[in-house]
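So the chains spell out like this:
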Amino acid sequence: MIDFLFPDEPGSASRRFFMTASFWLLVGLTFGLLGAIVMIAPDLMPALAPFSFGRLRPTHINVLIFGFLLSAYFGGLLYVVPAVCRTRLSYERLANFAVWYWNVVLLSIPAALLHGWTQGREYAEMPWIVDIGILVAVAVLAFLVFTTIARRKENLLYVSVWYIAGGLIWTFFVFAVGNVVWNPPTGSWFGMNDQILMWFYGHNVVGLVVTPQAIALAYFIIPRATRTPLYSHALSLFGFWALIVMYTHTGTHHLLQAPVPQWLKVISIVNSIALIIPVFAFLTNVWLPIKDRFGRIYDDVGAKMVFTGTVWYFITCLQGPFHSLPSVQRVTHFTQWVVAHAHIALFGFGGFIAMGAIYFLLPLLGREIYSKRLANMQYWLMLVGLTGLFLSLTFAGLIQGEGWLNGEVVYRLLPELQRYFLVRGISGVLLVIGGGLFIFNVWMTLLRKKSGAGPALTKEVVTA
Amino acid sequence: MIHMNPKIVGLGTTFLLLLIFGAVVVAPRYTNPESDRVSDTYRPRTDLEEKGRALYISYGCQYCHTQYIRTIDWDLGADRIAQAGDYARDTSPQLGSNRIGPDLSQEGGEHTDDWHFAHFRNPRWTRPESIMPSFSYLAPEERKAMTAYVQSLGGRSADGRVERQWHWRRQAIAAYQAGVDENIRWLHSKVPDGWLRVPNPYPITDASFKRGEVIYQRHCLGCHGPVGDGQGPAVAEIYPPPLNFTTLKRHGIAGGATGGMLYYQIMNGITGTAMPYFKRELESEKIWDVSNYVARQFIGIVDANQEPKGIDAAFEPVEKK
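In the order they appear, the protein sequences are chains W and P. Letter by letter, the first sequence follows residues 2 to 465 of this note's numbering. Letter by letter, the second sequence follows residues 59 to 379 of this note's numbering.
Quick caveat, the hints were computed from the structure, so don't treat them as lab data. Note that the structure is predicted; figures quoted are calculated from it, not measured. Please note that a few of the clues may not be correct.
[As the list claims (entries may be wrong)] If we take Cβ atoms under 8 Å as the criterion, some of the chain W residues that face chain P in the derived model are:
id	residue
1	L49
2	M193
3	T249
Ideal Cβ placement from N, Cα and C applies to all residues, glycine included.
Could you put together the complete structure from these sequences and hints?
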């Protein structure tokens with residue numbers, strides 16, 4: 002019984018985190034699709050609070066960030082850290098306990114948010130007790146990572162480990178502070194100061210929670226798939242420190258048109274532009290090894306997804322600095338343009354790398370993928386779906402923004418958005434089908450009879 | 059070659075993170091007195107309004123309705139740019155980041171309570187093309203609290219508007235209860251004399267009539283109904299009920315002109331009733347077109363294209379006898 006619930010077998014916790022991630026991906030995508038549908042046909046579903054957009058949206062976002070992205074990253078780091086440290090995970094049973102615990106925490110997210118138990122702060126909606134639940138999980142993961150690093154047999158710390166270990170510490174800090182956990186009833190400061198804090202957190206959910214883990218996985222997977230070392234150690238170092246310095250300043254670019262101090266707006270804009278530096282340090286480092294070896298990426302569906310994630314990262318991180326400029330925000334702020342951007346950041350970059358990492362690491366964890374054909378189908382469905390979502394919402398956002406600047410009222414422009422919302426809904430259907438294929442494929446991979454050997458420690462770790 | 063170790067990764071980055079957090083979050087909090095000082099329109103909320111705000115947060119209204127007006131806005135509330143002091147006493151300020159519906163920071167007093175009741179029950183009843191979810195499941199006291207909160211948005215400015223609504227509402231109810239004739243006389247008395255004598259300067263063409271119909275369907279249908287008898291679905295919540303246009307035929311129109319009278323009422327709304335103003339969202343010609351549509355389709359008295367013709371007719375001095 003204990004061995005079933007909390008096995009000691011190396012890799013078991015990773016695999017279970019991957020099952021968790023694929024499950025919550027489908028759940029989160031479904032909430033997103035429901036949200037898209039109620040914006041096309043608001044009276045289609047019965048008038049019930051959980052079907053209202055105001056409840057579906059925070060549920061969709063939090064389930065996908067914590068249920069899908071973080072679960073996948075937890076699974077990934079539990080494999081990657083021991084592998085590049087050439088040791089075993091320090092406490093496999095504790096990691097397996099964390100899987101069960103994490104799923105209980107995740108279950109409480111839709112339960113709370115669909116019932117309207119929210120603190121009403123964007124990206125920090127979850128009530129205090131759920132916040133604490135998440136912090137405990139992050140602390141456990143950080144403990145596992147640092148104790149594993151302490152037992153390493155490889156003296157050099159590979160760049161992935163910097164991001165994983167650093168990322169967990171940053172996650173703990175920005176999550177605790179951003180949710181104002183020392184103030185359980187409201188989870189909030191007062192007035193505009195709270196909004197500055199909230200967007201410090203909101204932007205760092207992407208910058209310091211998701212990005213480091215996704216980058217860590219890409220740094221592990223792309224050199225391995227291409228069987229080529231990283232381009233430059235100096236660039237790795239530079240990108241790492243630049244990320245922590247630049248990303249942390251940018252939150253206030255969400256408040257450029259709101260009454261906050263001017264100097265803070267200037268800092269946020271300057272650093273948003275400067276973000277291009279760590280982004281290109283990372284991209285140069287992982288893209289140059291691919292040169293002339295693209296076939297090796299294309300042949301492996303996991304590596305292909307990870308590579309696609311880096312392409313979305315490229316697009317996101319050119320678009321982001323660009324629309325942090327006040328002259329651009331005049332048009333884009335408050336519109337669906339921003340929603341489109343958030344989707345390519347979190348799902349295009351964070352999500353594609355998470356899914357790719359699961360497909361890439363499962364064979365290393367001793368399980369051959371159930372069906373590569375299904376995985377490829379999923380890849381294309383999701384790529385087309387996300388592209389359709391991105392383009393339709395970007396167009397809708399331009400219509401809104403230009404129309405408002407031209408003096409149109411919000412109501413008069415609504416009918417003009419309808420067809421774009423329809424395209425977004427169809428894209429959402431493709432994504433949900435892709436999510437269905439994913440959970441089927443991952444669960445079939447893990448539930449059918451064991452194939453292949455146990456998890457192999459990497460032999461050719463690229464010591465950058 | 060520089061080697062990273064767990065201490066550098068853990069402590070070094072934490073040190074940087076704390077430093078930057080201090081600079082971009084803590085420093086603004088303690089160096090910006092503006093963010094603590096309440097603005098001139100601020101007032102504390104009543105208990106009922108607080109309850110309504112909790113529901114507003116719980117239903118996630120902020121994901122479609124912003125509550126801050128920018129210098130570049132034209133829509134509802136555009137005359138009052140948001141100030142830090144508007145939010146100084148709020149936890150979880152509901153500024154929002156996405157605008158699917160109108161900004162609500164100055165919504166208080168823009169509509170009457172009964173308009174909000176109908177709108178919460180089904181937003182399509184008052185705004186036929188709205189995509190807001192229906193809140194028909196709200197308990198009566200919840201709906202009352204939500205309405206109270208929405209009517210408080212804008213603080214003291216909103217209080218002035220709400221007071222004005224209630225002032226005219228008493229008259230509107232008295233006029234309605236006095237019967238059809240008195241009601242129409244009261245409604246006409248709200249239109250300045252000059253406007254009552256202005257015929258619709260635009261002729262009714264097939265195209266303009268069709269445009270008028272489309273505008274009627276997008277803006278008027280929910281209350282006045284598809285046949286203009288004031289029996290749209292919103293009638294279930296609205297009191298005094300929407301005007302039955304067909305009653306105007308029997309009474310004739312003072313001075314024989316419908317165009318100017320309808321134009322004026324559509325442009326400005328009828329304060330104190332659920333009839334909102336459309337001056338912000340319908341351009342001049344669209345209001346004339348829908349006036350022509352209502353006049354021909356429901357009243358049967360059309361004054362379009364009579365003398366004095368032309369768009370400048372409204373500005374011509376009227377001969378005094």
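Structure-based check of all given hints:
| no. | hint | result |
| --- | --- | --- |
| 1 | L49 | holds (6 Å) |
| 2 | M193 | holds (5 Å) |
| 3 | T249 | holds (4 Å) |
Checked against the numbered hints listed earlier, the structure breaks none of them; every hint is satisfied.
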